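J.: So you can see what is in the structure, the chains are spelled out below.
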Amino acid sequence: MPRNSSARRKQSLWSKSGPSARLTFGCFVITVVGLFGLTRNDIFGLSFAWPHAALWGAVGWGRVGLSIRPMIALIAFGAIQDVIFHAPFGSFEVINLLTYAASTAIASEFDVTSEPLIAIVASVMLFAGAFLVLWLMASTLEDHAVRVVPLIAAMLTTGMLYALVHKIFDLGRKPGESVGQAT
Amino acid sequence: MARSGRSAQKGVRRSPKRLVLGVLIFGFAALIIAQSAPQIRNVFNPVRASVGDRLGGGEQVGIWARLTGRAAQEARIRDLEAQVRDLSRYKAAAISMAERLEAYEEILNLMGEPPVKGVTARVTSESEGPFAQTLLANAGRSHGVEPGSVAMNEGGLVGRVIQLGERSSRILLVTDFNSRVPVIGEVSGVHAIMQGGSTSSGTLTDLPERSDFIEGERILTSAEGGAFPRGLIVGEVHQSGNDWRVKYAMSEGSSGYVQLIPPPTIDRPISTGDLLPADGSVTASPAQGARR
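The listed protein sequences correspond, in order, to chains Y and A. Using this note's numbering, read the first sequence as starting at 1001 and increasing by one per residue. Using this note's numbering, read the second sequence as starting at 10 and increasing by one per residue.
So that you can see chain Y by itself, here it is in the shape it has in the complex (with noise of 0.2 Å):
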């Protein structure tokens, strides 16, 4: 008994906060990272660009299966993405909810929780083919093949970050679960 309440002690808050709070986070950290690449495209002569944030909730929050919140987030993500990108409306809401149902798929079919290597390749498929997709639709929309480079820099950007912050887009449990179920 004393041992387990040492181990209550020690949680953290994040790991007491329920996906609703992690879902306000994550959206908050989204946000941050979006409003930084509107504000500053230059620092020391280095480019910043919108690093594609709202991948990452697309591909944290799919990991604990489908939400109706989530699928709302990515969408306005989306349509702020679009007016920045001056793309066509719709074209990275596709992309944000085509990515975050490959990693609901992706997380039902395996074990991304407790399994690190299956967690860090599916990451990569999943940005992967989140920028394949954005290639395609540029390419098409514009009538001729787009620059990878950028794209593959862009991809790489994000997913490195990803790497660093993917605790924040882990919102714990799955919907509908409630805390003392969560595996």
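I should point out that these hints are in silico values taken from the structure, not numbers from a laboratory. Any given hint could be a false lead.
Said to hold, decoys possible - Among chain Y residues calculated to face chain A with C-beta under 10 Å, some are:
1. I1068
2. L1098
3. D1170
Stated by the list, open to error - Chain A regions said to be covered by chain Y (calculated; three or more residues, Cβ under 8 Å):
4. 24 to 30
5. 40 to 52
Just so you know, these numbers come straight off a predicted model, no measurement behind them. Ideal Cβ positions, reconstructed from N, Cα and C, are used throughout, including at glycine.
Got chain Y; can you put chain A on it based on the hints?
T.: Same frame as chain Y, now just chain A:
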């Protein structure tokens, strides 16, 4: 391998969220396709502009444009427009200067270069001629070619007619060792004599001691001696060690045709006896004329 098997367990009861997600993806994809119609795109443009202004991204270059290369194209267009603006200013200045020059020439009663009348002729190389570097042209005296005519091609000065027949003429190229062309630097204004001797470049001799050519400037004929008109392009000057060499401009033209231009001729002054007035009055001496 690490399959959770949740799909198998949930295979029977499909979540309506999947349907919602599928409908949303399909709906947005349809929206993208629908925007290919200008009428529908025009509906979204004001919304996009308004939201973009509020987000502060309206004046920035869109990343979509960067990704698709449109930003680079637009930047290139802006550069070219700036160049056109600059060139327009130069054009206006050139027109203004040309008008002023015309006015000055009129005021000074300046005799400019006479209009060029030339004959275009086909040329063939001549390997057994008296000179090492000569050409034969299929135009001669009967076609209006004059002795000493200057041969030009698209690049610049080719040579000078040294032998003239009724239907053909022989041109001594500027590349010949015996060729001497008085030249001037277009920018530096330095006078020199260009001597042939090489097929690719000529040597500049008789340079003034205290002035020098500018690397890469154009070399023009100076009309010293009256053999060549002034201002014909001869080539481009480059320094080779202590020597200045001229890369021939005629090498750039290879159509096989030359234009034979009559040499610049200045009529000799009529003898003073012919100028005596009929009434026999005495004319003033040059010095008196100057004083007057």
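J.: Would you say the stretch 40 to 52 of chain A counts as covered by chain Y, given the rule of at least 3 residues with C-beta under 8 Å?
T.: holds (count 4)
J.: Min Cβ distance, L1098 (chain Y) to chain A: is it shorter than 10 Å?
T.: Holds. Min distance 6 Å.
J.: Under the criterion of a CB-CB separation shorter than 10 Å, is D1170 (chain Y) in contact with chain A as hinted?
T.: violated (16 Å)
J.: How about the stretch 24 to 30 of chain A: do at least three of its residues have a C-beta closer than 8 Å to a C-beta of chain Y?
T.: Coverage by chain Y holds for the stretch 24 to 30 of chain A (5 residues, Cβ < 8 Å).
J.: Per the CB criterion, is I1068 (chain Y) less than 10 Å away from chain A?
T.: Holds - the Cβ of I1068 (chain Y) comes within 10 Å of chain A, reaching about 6 Å at its closest.
Of the numbered hints listed earlier, the single one contradicted by the structure is hint 3.
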